[in-house]
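> Listed below are the residues making up each chain.
4 protein chains.
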Amino acid sequence: MNLNFASDNTGPVAGPILQAIVDANAGAAMPYGNDPWMRQVTEQIRTLFNWPEAEVLLVATGTGANALALAGLVQPWETVLCHRIAHIEEDECGAPEFYTGGAKLVLIDGAQGRIDKDALAAMIARTGGSVHNVQKGALSLTNVTEAGTLYSLDQLGALTGMAKDAGIRTHLDGARFANACAALDCTAAEMVRGFDMVSFGGTKNGCMGVEAIVMRDPAHHWEMQLRRKRAAQLWSKHRFLSAQMLAYLQNDLWLDNARAANAAGQRLAKGLRDIGARMEWEPQANMIFCRLPRSAHDKAQAEAQYYLMDNAEEPLCRLVCDFTKTEAEVDRLLELFAG
Amino acid sequence: MNLNFASDNTGPVAGPILQAIVDANAGAAMPYGNDPWMRQVTEQIRTLFNWPEAEVLLVATGTGANALALAGLVQPWETVLCHRIAHIEEDECGAPEFYTGGAKLVLIDGAQGRIDKDALAAMIARTGGSVHNVQKGALSLTNVTEAGTLYSLDQLGALTGMAKDAGIRTHLDGARFANACAALDCTAAEMVRGFDMVSFGGTKNGCMGVEAIVMRDPAHHWEMQLRRKRAAQLWSKHRFLSAQMLAYLQNDLWLDNARAANAAGQRLAKGLRDIGARMEWEPQANMIFCRLPRSAHDKAQAEAQYYLMDNAEEPLCRLVCDFTKTEAEVDRLLELFAG
Amino acid sequence: MNLNFASDNTGPVAGPILQAIVDANAGAAMPYGNDPWMRQVTEQIRTLFNWPEAEVLLVATGTGANALALAGLVQPWETVLCHRIAHIEEDECGAPEFYTGGAKLVLIDGAQGRIDKDALAAMIARTGGSVHNVQKGALSLTNVTEAGTLYSLDQLGALTGMAKDAGIRTHLDGARFANACAALDCTAAEMVRGFDMVSFGGTKNGCMGVEAIVMRDPAHHWEMQLRRKRAAQLWSKHRFLSAQMLAYLQNDLWLDNARAANAAGQRLAKGLRDIGARMEWEPQANMIFCRLPRSAHDKAQAEAQYYLMDNAEEPLCRLVCDFTKTEAEVDRLLELFAG
Amino acid sequence: MNLNFASDNTGPVAGPILQAIVDANAGAAMPYGNDPWMRQVTEQIRTLFNWPEAEVLLVATGTGANALALAGLVQPWETVLCHRIAHIEEDECGAPEFYTGGAKLVLIDGAQGRIDKDALAAMIARTGGSVHNVQKGALSLTNVTEAGTLYSLDQLGALTGMAKDAGIRTHLDGARFANACAALDCTAAEMVRGFDMVSFGGTKNGCMGVEAIVMRDPAHHWEMQLRRKRAAQLWSKHRFLSAQMLAYLQNDLWLDNARAANAAGQRLAKGLRDIGARMEWEPQANMIFCRLPRSAHDKAQAEAQYYLMDNAEEPLCRLVCDFTKTEAEVDRLLELFAG
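Protein chains in written order, with this note's numbering: chain A, 378 to 716; chain B, 378 to 716; chain C, 378 to 716; chain D, 378 to 716.
These aren't lab readings, by the way, just hints derived from the structure by calculation. Every residue gets a Cβ at the ideal spot worked out from N, C-alpha and C, and that includes glycine. Incorrect hints may appear among the rest.
As the list claims (entries may be wrong) - The following label-pair restraints were derived from C-beta to C-beta distances:
id : chain 1 : residue 1 : chain 2 : residue 2 : range
1  : B       : D542      : D       : R570      : 46 to 54 Å
2  : B       : R423      : C       : P413      : 53 to 61 Å
3  : D       : R423      : C       : G538      : 50 to 58 Å
The task is simple: from the sequences and hints, build the whole structure.
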């Protein structure tokens, strides 16, 4: 029984994706994105996003997708507005600063891991102006948020609308894009409506290692290709990225996996509430932050893997379900917690 | 019949490596290099290189391995001495400059794609000195060279020895490390003797996408880990890099593949000479640069894939054999050229 | 009558400093810091700071001094802890990010423009740890603070002590170093006791354009010289920087100027209180942030120059006195405000 | 007697420029380029260059002017084509790489310190193309060249024309712009005709420390202002840069100084030839590279200052005349050499 709830990147590769890799391994293929699979990937994402002119670049890591996307959106002397707990701020060891040439991440607060509208307005109002200040650049939103919550489509629209009005470009960190679509029961096109550049994640949801950078405006394509190569993110045997992404997109695998992960997450959340766990944030997809008595962890941690985030009496724990989590596994974890 | 001679990155993944990927796809594994396969990779490379304290980092691209290795060796105001046709100079879109924060690649000439000893001595003598100059940093050698030739062990020793005497760190771009070992009939330990940091390539020789950065001095390990993460080269599902590299190292697969590629390359070179091709450089491994009449290409290019490097009457063509090339494929290409 | 209270950089050059520039303009002098004045500058600062091994570099701008100092203290993947309203965060257009290669400025709150001890402790506790995070780097304090307040020697000692205990290097932004020394009635040596690197300002206090970067540990001298040159901050006719700094240090001119500026500032603060101004922060040196009714500004702004920082009913205004401000000028401004 | 021939930056500030500094030191002036002198500087340079829309930024160092100008012209993944001995390559400790974010300086040969037309054409032809290569960026020419020779207007036009045809932007390093104008007996407008961005030098020709970055296209003005601030090159007491430059431009002081320096240089060159010195390059302005027997230096170096560039039997020496060099000083140096 697999009781690894540490992350949705600890799980295996989904069967159809592994099969696609195996299938792609026939004979020669031209390298560096000039493989036939890639053309299909681009076509499918254009349709999915309803961005008929979009261009797509594949990379192997989520940090790479985010950092390259931001580098394509902001100048070194500009800002990236993001939530205080955004992955780009907290978990990428400064990759956005590296890739952008030193742009400044400006942290905005907001309950439930969501950027607060008024806080965003206030920050926009005070950014830029004189030559002494860093200037307005981009807004980066994450959905599913790093708190495991969701922005509704209306909330996304409100925030991206404020950005547009201020001449600020918009980026969606979609490391859990599929989980958000599944949980909101919306289309990908609805999700990306207000954005200029999207990191469309695959790795956390059944791929081996592939993320798509999707740019609405094809004018940036050549520059972004050069940035990808210069960043050492251009694969020679690129077909193995393309084949993963293509399999992920086909037959709604991306959505099915996300639905499975979310269902496990929701079952776990309900069970946790039933045993008295205090939710730190409202768990709306496949990731739960909650507090349980320390004693509950002593037993659970002997058998299950997950992270404790602090040393409080009732420590904050993070529990993530990937697409493979079974009801039995979830229930066993709940049993362990219940003691 | 696979007549793709464009590069050794157009070929498939070797069977044992693909199998290792499939086998690794069982259950959960901790991410970011904390997988059990990685520990074995490090152990095996320490033994192979006879560097008992070495540390190893895996990345997915050769450019990533080179750029990170150089970033770990030089300061932004230092130089990287390399051959005029080095991959880091010609084919990485400035990734070394990006990763090092703007270090200067200083180009050194030399016949047959090898750095000339006297030219190196002269450049070392005139580098640095005052505060107005960029300073001495690292020497980067490539074996197999970008010209398809080899440095002998003595030649490597002479050049790295000059560097050490001048306080210059040393890097080996081993994108075709295995091909060089096979062609020189030497051990890996002999190959790396004079180096501080090695890019040990797998992708061009049967892997899907994995390269090892091997640092002799473990003191740089933590810094290099941070650099890798910051460069967005740290995989979450890292086991799929580890498993590739482990399979590559096991049972001498790396050497066997290289021997096969070299044998095909040598068969092709002999055949080309027999039909009157003029060798641009002495082909010593699996890569051939030669000139044939334009008419020879008209027919060949309809059926086979490879690069023409100029528009001369007898254009310079590059032909690369990977580990899958059969005698029949080589002979068919020769037939096409013979017209 | 000079009613420019916009900044302490709108004023003229002090007489003895201008005279020193004129006097230095005799015959030839070796460039790039190899002038005889510079040797004296270094000696005098060593004595003043009681740092017998210190090395000193001169640059022409305060932003240059800060950015270079920080670049000498932190790696690109490290953090600079500073107050939310620090000059390095708010007023340097990202120069610290540029010079450090993308280090992250981490903002800490605290009343009166001073970093709060507990907030610093909390931030130190949560910085670094895993490879996904930016790491501990430096603490940068500003005295006089950007709020016009002071850190006492005890407060400086407490904060720098916490940094040392955590292995964090320390930087003092001393753009108004002299004003702080004068107001605290302490020695320069007492001020710098807990710091590794100091930006010792001259420009705001009577120089034309010169700031000293003072590094306690001479081991960084050569690296810092290279960084200065590479940053294009190394003057060829360097004697004109040295001569300014030397004149500034001689006969306590730096202290006398600061005392004059502070006295004007304190007279202005008292007068403002007398007419009912609300102090935003406690004005402890030569810079005052306060609120007055909008009507008070209508008249004043026709004759005097200073900045309004917001559009509130009682807008926040910043008033700065440089060393030339006379009692008559201060009193005239107060008259204007009194209406 | 001032026998410092080490550089044209070892000399004093010209009288009218020092006087302008003194005169500017009256009362308050708004900082950061918002001083009244600056408006006049811009107007005068527009007229001088016959660039009616040009914008001008002042900085204090020549390296700063060059590095900022190049950063405004090229992307990090582009190239700067320059002569192998260009100042930006040899004498700026990598400042162009730092300011541009790692652009690659591509070195072109050519006799007499001038870029060879055919070598430029060849390099243009082989730059860029695929995503693996750094791309075409800018051409940087230096006049007076670092060899002390001149490009004629026709030569400048031919090279900049080739650049334009290839979509390459053009930069003039005019550290000795005035000396070139004087020697060619041409107008400034003729000199800048083919360029997009010019470093117009003052420091080597009588200023204390001021260089103008002149951009033909005002569209870059705001970006360049931000780059200057971020690079810590924006002066607070900016009037002292403006006043220098204004005095330099007035009454043809820039030209008169250059004529004086050139005349001294030509007198020295003739004298050197008369005593048998071998000219390394044709001295066409105020800088001479020549070889004399070692014995000639033994005596001269005891009394005069200048650089020896190698250790040959007849060492290469560099002799530079600034605008203050008198006939008596030149003749005394010649006497010393003559022994």
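> All hints, please: hold or fail.
Hint-by-hint comparison with the structure:
1. Separation of D542 of chain B from R570 of chain D is about 50 Å and conforms to the stated range, judged on CB atoms against 46 to 54 Å.
2. The supplied range of 53 to 61 Å is met by R423 of chain B and P413 of chain C, whose beta-carbon atoms lie about 56 Å from each other.
3. Checked against the hint of 50 to 58 Å, the C-beta distance between R423 of chain D and G538 of chain C comes to roughly 56 Å, which is consistent with it.
Checked against the numbered hints given earlier, this structure breaks none of them.
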